[in-house]
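Chemist: Residues per chain are reported as follows:
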Amino acid sequence: MPNRTVIPFGPHHPVLPEPIHLDLVLEDEKVVEAIPNVGFIHRGLELLCEKKPFQDMVLVAERICGICSLVHGIGFVNGVEKIMNIQVPERAEMLRVFWSELSRVHSHLLWLGLAADGIGFESLFMHSWRVRELVLDIFEETTGGRVIFDAIKVGGVKKNINKETLDRILKQLEKVEEEYRQIADVFVNDFTIAHRWSGVGLLTKEQAITLGAVGPTARASGLAMDTRMIKYGGYDKITMEPIVETAGDCYARALVRVREVYQSFDQIRQAISKMPEGGETEAKVTGFPTGEYFSRVEQPRGEVIYYVKGNGTKYLERFRVRTPTFANIPPLVQMLAGCDLADVPAIVLAIDPCISCTER
Amino acid sequence: MSDILKMCKTVVSSLRKKPFCQMYPFKPAKFYDHTRGHIKLDASKCILCSLCAKRCPTGAIEVDRVKGSWQINRYKCIMCIECVVACPVKPVKALAVENQYAPPMAKMEMEMFDVEVKKPAPKPAAAPAASTPAE
Amino acid sequence: MFESQEYITIKKEELLEKTAPLFKSGHRLVQICCTKLPDKLIMDYSFDKDYKFIDYRIELPLEGASLPSITGIYFAAFTYENEIHDLFGINVIGNALDFGGKFYRINETAPFNKVVKKEVKNA
Ligand code: SF4
Ligand code: SF4
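Residue numbers (our numbering), protein chains in the order written: chain A, 1 to 360; chain B, 1001 to 1135; chain C, 2001 to 2123.
No lab work stands behind these hints: they were computed from the structure.
You may find that some hints are simply not true.
Only pairs whose alpha carbons sit at most 25 Å apart, straight line, appear in this in silico BS3-like list of lysine-lysine [what the hints assert, rightly or not]:
| # | chain 1 | residue 1 | chain 2 | residue 2 |
| --- | --- | --- | --- | --- |
| 1 | B | Lys1009 | B | Lys1027 |
| 2 | A | Lys175 | B | Lys1009 |
| 3 | A | Lys158 | B | Lys1009 |
| 4 | A | Lys158 | B | Lys1027 |
| 5 | B | Lys1107 | A | Lys284 |
| 6 | A | Lys175 | B | Lys1030 |
| 7 | C | Lys2024 | C | Lys2036 |
| 8 | C | Lys2052 | C | Lys2024 |
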């Protein structure tokens, strides 16, 4: 039997913006087993629901993650609106769809850039982020923030967008899409990228199901699972099909994200065209939440679960978040077993880890 | 061959363009109408009702209606604009959102505004600033 | 539009026999969640297949609770089971990847299951 070595990976590592630690058990260059270790930055945000009224918890939910902050907010208000029986006005629902798809565009562009950086493709990294800046400009123009948008509230949205701005945004989107097309072309057709990622970090469809993979990680393994298909929020008026790749390697995960950006552009256009003229953007919220609900929404990284339980006071009884990265850790462990040591950073990046959300 | 040079098109075309980034300190930063920079108080309009302090989810604002002071802790403020929405002064609110970010501070301290106490508060017991829910 | 959800209360002993058929029929483990109520803890095991949500619920006493681990069936449950052990102090028996209370690096034991609930210091 060859000698076994244990190499610690992380908590600080060039590819990781956030701390996760992996104990890699190696046999020569091959990883035999990987033991994940999180918990460096546990914030205990779930307990804050005992101190903050439920309306203010939206702000906490939005600050769980810095990249998909808006979708976290939507997940939370979705649950609260269900247990309080609030009917959100249609315009507000469409604005939520608009912003959450725009979040997906910017999050995927961020990931594509980081992934390119992880394999040493610096110019691609910078150009991905250049396109992302254009998306962030749209966010700043409509919500006032570039990272934390603060546009969601229980019962509706905080900001409205007028007609001229929407027209301008549509034009801007054309420009973004054209710029993006060039970058996507590199991801889809470039030899070096395909060579680096093909066959790395394999996850079969069966493993994806039994290990509970979510989001692009699951879809890249051929599992057609997209929580937007349960038609929460305004998604009942949006037509879509989950984007599926079957290879189950890192390259498939990148391709799923590349194609999802186009899908998001399409959904943004649908949302804008289906947005009713004028009308309310928020419903009146009276009373306190009673009841419980598991609200599931699709984030750029996968399905996020918000469990809200109200007991008729202004403080929630329980507020629980299960973030996509938390669900993707067991698949990550599976992918790492049997890979080369040099592939570990690429595989860890491929699930789009967001460790701070994982630990809340 | 062309497979490994896909990026060249973008790279070469960006050689002919101006830099995408702004020369920030030399050129002013680009702001939009909604950009949330910092909260600004118009001390002449404030009536020291302390509704903003009550509404603030992080407890960043402290209002002392006896001494006539309005303070904000910029480190606690998360720019959620709830205080601006809550301010009851009409027609122009005493609080406003400025596009420019707050100037950097070396120490974590409250920024203090002196507000003239116009009339004795109608019900002093109603709103001591310390009763904000969050701390 | 909201999906309808149903919470089926089962006994602790039934957990494994209820979970195994779900694994066979290709359900995915969505999440495991623990909730502290004033007089008891409730555990929610959620599964999903084709966007159909199934939830099994177990009631546990506040103190000294223990649970059988489902990592033998769903290996992915190890993260959740370590989490509820660290945050709620529930003893999970037979966890396939047991971190022994070191999953979250926190100072207090079972911070989410304090008897005096309102005085949580570092919230
Ligand atoms: S913007 Fe929000 S956090 Fe800042 S002072 Fe106003 S209410 Fe408080
Ligand atoms: S709410 Fe407006 S008027 Fe009242 S104390 Fe605050 S800033 Fe002054």
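Chemist: The structure should be examined with respect to each hint, and the outcome stated for every one.
Modeler: A quick look at each hint next to the structure:
A C-alpha spacing of about 29 Å is found between B/Lys1009 and B/Lys1027, which places the hinted pair above 25 Å, so the restraint is violated. Note on A/Lys175 and B/Lys1009: the hinted pairing holds, with a Cα-Cα distance of about 17 Å set against a maximum of 25 Å. Taking the CA atoms of A/Lys158 and B/Lys1009, the gap is near 42 Å; set against the 25 Å cutoff, the hint is violated. Only pairs whose Cα atoms come within 25 Å are accepted, and A/Lys158 paired with B/Lys1027 is rejected, the gap being roughly 31 Å.
For the hint pairing B/Lys1107 with A/Lys284, the CA-to-CA distance comes to about 41 Å; that exceeds 25 Å, so the pair is violated. Between the alpha carbons of A/Lys175 and B/Lys1030 the distance comes to roughly 19 Å, so the proposed pair stays at or under 25 Å and holds. A C-alpha spacing of about 31 Å is found between C/Lys2024 and C/Lys2036, which places the hinted pair above 25 Å, so the restraint is violated. The hinted pair formed by C/Lys2052 and C/Lys2024 meets the criterion: a straight-line CA distance of about 16 Å does not exceed 25 Å.
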